[in-house]
Amino acid sequence: MSLPRPWRKGAEVAFPFPLVFFPKSPTVVDRVCVGRGFHVHCQKETQLGIIAMMKSMLLRTGILVAFALVVGAESIFDTNATAIAQWLGAVPTCSMPCFAEVLSKGSCQLKGLAKCACTNDDIQLRVSTCVQLSCDFADQVDATQKSQVLCYDYPNQQRKGSYAIFAITLPVITTFIVLLRCFARWTVAHKLWWDDYVTLLGLGLLIVLSACGVAICSLGFGKHYWVIDPSNAKPILQMFYAMQIIYVLVTVTAKITICCFYHRVFPRKRSQIAAKAAIVVLTVRGLILVFLIAFQCIPLTATWDKSAKGQCLNLTAIGYAGAISGIVEDVVLLIMPIPELLQLQLGLKKKLGLIFMFCLGSFGCIASVVRLKYLVSFANSFDPTWDNADVVSWSGVEVNVVVVCGSLAALRALFNYLVPYFTTAKEATSESMYSLRAERKEAAIEV
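Residue numbering for the sequence shown follows UniProt numbering, starting at 1 and increasing by one per position.
FYI, nobody ran anything at the bench for these hints, they're computed from the structure.
Check each hint, because a few of them may be wrong.
[Said to hold, decoys possible] The calculated lysine to aspartate or glutamate pairs, modelled on DMTMM-like cross-linking and capped at a C-alpha distance of 20 Å, are:
id, residue 1, residue 2
1, K234, D387
2, K276, D136
3, K146, D121
4, K105, D122
5, K234, D142
6, K105, D142
7, K234, D153
8, K373, D305
9, K105, D229
10, K373, D390
11, K146, D136
12, K373, D383
13, K115, D153
14, K146, D383
[Unchecked claim] The calculated label-pair distances, taken between Cβ atoms and stated as ranges, are:
id, residue 1, residue 2, range
15, V369, D136, 24 to 32 Å
16, D136, L179, 42 to 50 Å
17, I338, P235, 15 to 23 Å
18, Y154, A215, 41 to 49 Å
19, K191, D121, 53 to 61 Å
20, G310, W186, 45 to 53 Å
21, T175, Q145, 37 to 45 Å
Note that the structure is predicted; figures quoted are calculated from it, not measured.
All residues carry an ideal CB built from backbone N, CA and C; glycine is no exception.
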């Protein structure tokens, strides 16, 4: 057939494959000249645009023909298969090779393509990975919307229910314990100490972290990346980026709270120096991690858009370094009070009880170790909303346990204050509950 002049107003060229056409009323902006010296070739920009469109159309046609030959050309005449071919012709050009190559390698026929593709997570992951690497974010959204239309009638896996437990239930329990700690301090001492204020700061950050967790859960976190609403993809990844920074701040603040407590209740010079040194190390380590996470990619948009060109740090390595250093810190914080506790002139039963109370912090260390298992694909996943659900869940367990452990000593004091039966008369006095003196026969931890 004869093609109309490409710069003629209202020109439209239709081709056998649906949804592939030239736009009406192209606007001529200027002439584009290519060459050097006297050898210059000029074309209207509209012509160049039309040529680009023709190349795109030919690419689509070639991919569709190749795909039909691979999966069986005879099925193309089936009504449903024709609809599938129309669907494939409508996806963004950058994503067409992804769909064609992956689906053909997955032995998917045009007839029954939806069932083959939509029930196979491996195929969907490979298509999603290819699209994220090949298309800009706008085309990723378009391709995702097209694939969701194809898979509309098929069920999707999700972990939202289990993740909601960590995002809501644990923070509620932690908030109650911290508030009870402050009540205990005020009831017994009629004032709050500075470690209480640091704990409240950590609780505030924890509430913000939990709120972000609930928000991304409502947007689709816990589902596969290719089934969430495309408009939610970027907000989820941006919020997840912010949560990484807040997580570091919460853990560092909670551990500094414990160090502040040690500094206050253990008066010996060696213990005081150890507590101050631990606070400095925790602060420096926290600032380094926050800086590395905040500037993990340059430009910043490459953090949540894998198609963006930029340079990124190895966030998985940073995650491992942060997790391992955090485990070492947990162990050190568990060991620090033991020499002081053993020197207290208390009965063996009471010494063991105090040591057990401080060792409850080992649960936070255990959560950190379990979390290491799920850091393998952290930051390298092309299905982040699904693969990172376990990392986020165990991170939530860790931060909640660390905050709670810093409040256990105060709760013990409240328990002894309200139930004198479980303590001696001397321990029940306010003087013995708020000071630690080496010369006393029955020294008690100041709370």
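Structure-based check of each hint:
Pair hint K234 plus D387 holds up; C-alpha atoms about 16 Å apart against a cutoff of 20 Å. This hinted pair does not check out: K276 and D136 have alpha carbons roughly 49 Å apart, beyond 20 Å. Of the pairs offered as hints, the one joining K146 and D121 holds, with about 17 Å between alpha carbons and a cut-off of 20 Å not exceeded. For the given pair, K105 sits about 11 Å from D122 by alpha-carbon distance, which is consistent with the 20 Å threshold.
Taken as a hint, the K234 and D142 pair is honoured in the structure, with Cα atoms around 14 Å apart against an allowance of 20 Å. Taking the CA atoms of K105 and D142, the gap is about 23 Å. The hint is violated against a cut of 20 Å. About 25 Å separates the Cα atoms of K234 and D153, which puts this hinted pair outside 20 Å; it is violated. The suggested pairing of K373 with D305 is violated, with an alpha-carbon distance near 25 Å, which exceeds 20 Å.
For the proposed pair K105 and D229, the alpha carbon gap of about 27 Å is over 20 Å, so the pair is violated. Only pairs whose Cα atoms come within 20 Å are accepted, and K373 paired with D390 is accepted, the gap being roughly 9 Å. Distance hint between K146 and D136 is fulfilled; the C-alpha atoms sit about 15 Å from each other, no more than 20 Å. Simply put, K373 and D383 have alpha-carbon atoms about 17 Å apart, close enough for the 20 Å limit, and the pair holds.
Between the alpha carbons of K115 and D153 the distance comes to roughly 9 Å, so the proposed pair stays at or under 20 Å and holds. For the hint linking K146 to D383, the alpha-carbon distance of about 18 Å falls within 20 Å, and the restraint holds. A C-beta distance of roughly 40 Å is found between V369 and D136, which places it outside the suggested range of 24 to 32 Å. At roughly 48 Å, the beta carbons of D136 and L179 sit within the given window of 42 to 50 Å.
Checked against the hint of 15 to 23 Å, the C-beta distance between I338 and P235 comes to roughly 46 Å, which is inconsistent with it. Taking 41 to 49 Å as the suggested C-beta distance range, the pair Y154 and A215 does not conform, at roughly 27 Å. Hint check: K191 to D121, Cβ distance near 57 Å, so the stated range 53 to 61 Å holds. Here the CB-CB span from G310 to W186 is close to 51 Å, well matched to the stated 45 to 53 Å.
At about 40 Å, the beta-carbon gap between T175 and Q145 stays in the expected band of 37 to 45 Å.
This entry does not satisfy hints 2, 6, 7, 8, 9, 15, 17 and 18, going by the numbered hints stated previously.
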